[in-house]
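Protein chains in written order, with our numbering: chain A, 2 to 224; chain B, 2 to 224.
The hints are simulated quantities; they were obtained by calculation from the structure and are not laboratory data. Take the hints with a grain of salt, since some may be wrong.
[Unchecked claim] With the Cβ distance kept under 7 angstroms, some of the chain A side facing chain B (calculated, not the full set):
1) Glu-9
2) Gly-44
3) Ser-73
4) Val-75
5) Ala-77
6) Ala-81
7) Arg-91
8) His-97
9) Met-102
10) Lys-104
11) Lys-105
12) Ala-109
13) Leu-112
14) Leu-115
None of these values were measured; they are calculated from a predicted model. Each residue gets a CB set at the ideal place from its N, CA and C atoms; glycine is no exception.
2 protein chains.
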Amino acid sequence: MTDIKLIEVKEDILSDNDAAAEKLRAVLKKEKTFMVNLMASPGAGKTSLLLQTLPALKQDLRMAVIEADIDSMVDAEKIAATGIESIQLRTGGFCHLDVSMVKKGLAALDLAALDLIFIENVGNLVCPAEFDTGATIDIMILSVPEGDDKPLKYPLMFSKCRALIVNKTDYLSLSDFNMDLMEERVRKLNPEIEIFKVSCKTGEGIDGWTLWLKKKVTDYLGA
Amino acid sequence: MTDIKLIEVKEDILSDNDAAAEKLRAVLKKEKTFMVNLMASPGAGKTSLLLQTLPALKQDLRMAVIEADIDSMVDAEKIAATGIESIQLRTGGFCHLDVSMVKKGLAALDLAALDLIFIENVGNLVCPAEFDTGATIDIMILSVPEGDDKPLKYPLMFSKCRALIVNKTDYLSLSDFNMDLMEERVRKLNPEIEIFKVSCKTGEGIDGWTLWLKKKVTDYLGA
Numbered sequence: 002m003t004d005i006k007l008i009e010v011k012e013d014i015l016s017d018n019d020a021a022a023e024k025l026r027a028v029l030k031k032e033k034t035f036m037v038n039l040m041a042s043p044g045a046g047k048t049s050l051l052l053q054t055l056p057a058l059k060q061d062l063r064m065a066v067i068e069a070d071i072d073s074m075v076d077a078e079k080i081a082a083t084g085i086e087s088i089q090l091r092t093g094g095f096c097h098l099d100v101s102m103v104k105k106g107l108a109a110l111d112l113a114a115l116d117l118i119f120i121e122n123v124g125n126l127v128c129p130a131e132f133d134t135g136a137t138i139d140i141m142i143l144s145v146p147e148g149d150d151k152p153l154k155y156p157l158m159f160s161k162c163r164a165l166i167v168n169k170t171d172y173l174s175l176s177d178f179n180m181d182l183m184e185e186r187v188r189k190l191n192p193e194i195e196i197f198k199v200s201c202k203t204g205e206g207i208d209g210w211t212l213w214l215k216k217k218v219t220d221y222l223g224a
Numbered sequence: 002m003t004d005i006k007l008i009e010v011k012e013d014i015l016s017d018n019d020a021a022a023e024k025l026r027a028v029l030k031k032e033k034t035f036m037v038n039l040m041a042s043p044g045a046g047k048t049s050l051l052l053q054t055l056p057a058l059k060q061d062l063r064m065a066v067i068e069a070d071i072d073s074m075v076d077a078e079k080i081a082a083t084g085i086e087s088i089q090l091r092t093g094g095f096c097h098l099d100v101s102m103v104k105k106g107l108a109a110l111d112l113a114a115l116d117l118i119f120i121e122n123v124g125n126l127v128c129p130a131e132f133d134t135g136a137t138i139d140i141m142i143l144s145v146p147e148g149d150d151k152p153l154k155y156p157l158m159f160s161k162c163r164a165l166i167v168n169k170t171d172y173l174s175l176s177d178f179n180m181d182l183m184e185e186r187v188r189k190l191n192p193e194i195e196i197f198k199v200s201c202k203t204g205e206g207i208d209g210w211t212l213w214l215k216k217k218v219t220d221y222l223g224a
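Chain A on its own, in the form it takes in the complex (with noise of 0.2 angstroms):
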């Protein structure tokens, strides 16, 4: 039997992707504009999130929105119809978004007008988790419906981010959903994380999220 060589392809083509995302960090801060790399489920509320965030914010940050979606162009319409520019960036299949695929976004736009950018990745809470954008942030969302456990079944998507959006606050009277049993589990994971109870539907709790948005992209601005 001869002997087999052993190469780890993924590790490589992350590494490489890691490398890249520290490149465009650094782009990124030069010009002045803070990236927000936004992460859920399907239907989680990253869009509704989005549609309640930026009036928030329109006052004081100027803003633009990369959404990416594997076949469809519904979620820039809504950002759109907000004022806000919205970059659409069809993946047609892939599940993740990689620096090079957020570059191409963000070569459509003027970073040197633009404070704060966010982009919707794909709706997934794996391959996102595992592939950094070169965003300035990473943030999740977990909505109620989806159950207590999710942070036991992907724990590095609760592990990188920098706080977690828990939507859906209206359901919480209809489900069994452990809020208490859910920020311990995330808390083990990632003690720092910041948590946000939010329903984007009565708009209950933004206001704290976007506060908190709101200072962390002024402070790098003005640092």
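Once you have looked at the hints, place chain B on chain A.
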């Protein structure tokens, strides 16, 4: 409503990959190394076909195999047991190979000392059909238990392959697989395709395939 810019990420990525594949084919041509990209569903018999093919060509051609697997080395171990050099690419969840991954495997081989390299692609009839690997020819296997309707469901895969190996013909007597109907469906997509009916279990039909491949390779090496 502001305008939305639409960016087709997938087309860009595929066209970058296509350009890299053309370059790799030119390198292989210069090195006089023929490369076969072998694709099929999981369990259709990719490794079994190689285990029949390698001994048949071993006297005449200097060969190596690049195995792609999501997370195991069992296929590479079977190949190595035949005494043929074997590289294992562990894709860690990726559902196809692209040129950059294949090049990582080729970098571990001495092209000047090889006439023929087989790539065993990830078991999947969708994504591997879209990503050119830089191989000289693409080959696919359809196994009888998968059914005669597969050309209707995966037309791109059947359209791009130079040869179709119909494997597990030993199951025909137990199956309602309609060989004539399947061939008709395939030839509608790809009139030039070569079709070989084999049983990797009994060895039936292997000769026709290996003679055809040997002629392809020797023509290429002599050109």
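Structure-based check of all given hints:
no.	hint	verdict
1	Glu-9	holds (5 angstroms)
2	Gly-44	violated (22 angstroms)
3	Ser-73	violated (11 angstroms)
4	Val-75	violated (11 angstroms)
5	Ala-77	holds (5 angstroms)
6	Ala-81	holds (5 angstroms)
7	Arg-91	holds (5 angstroms)
8	His-97	violated (11 angstroms)
9	Met-102	holds (5 angstroms)
10	Lys-104	violated (10 angstroms)
11	Lys-105	holds (5 angstroms)
12	Ala-109	holds (5 angstroms)
13	Leu-112	violated (15 angstroms)
14	Leu-115	violated (14 angstroms)
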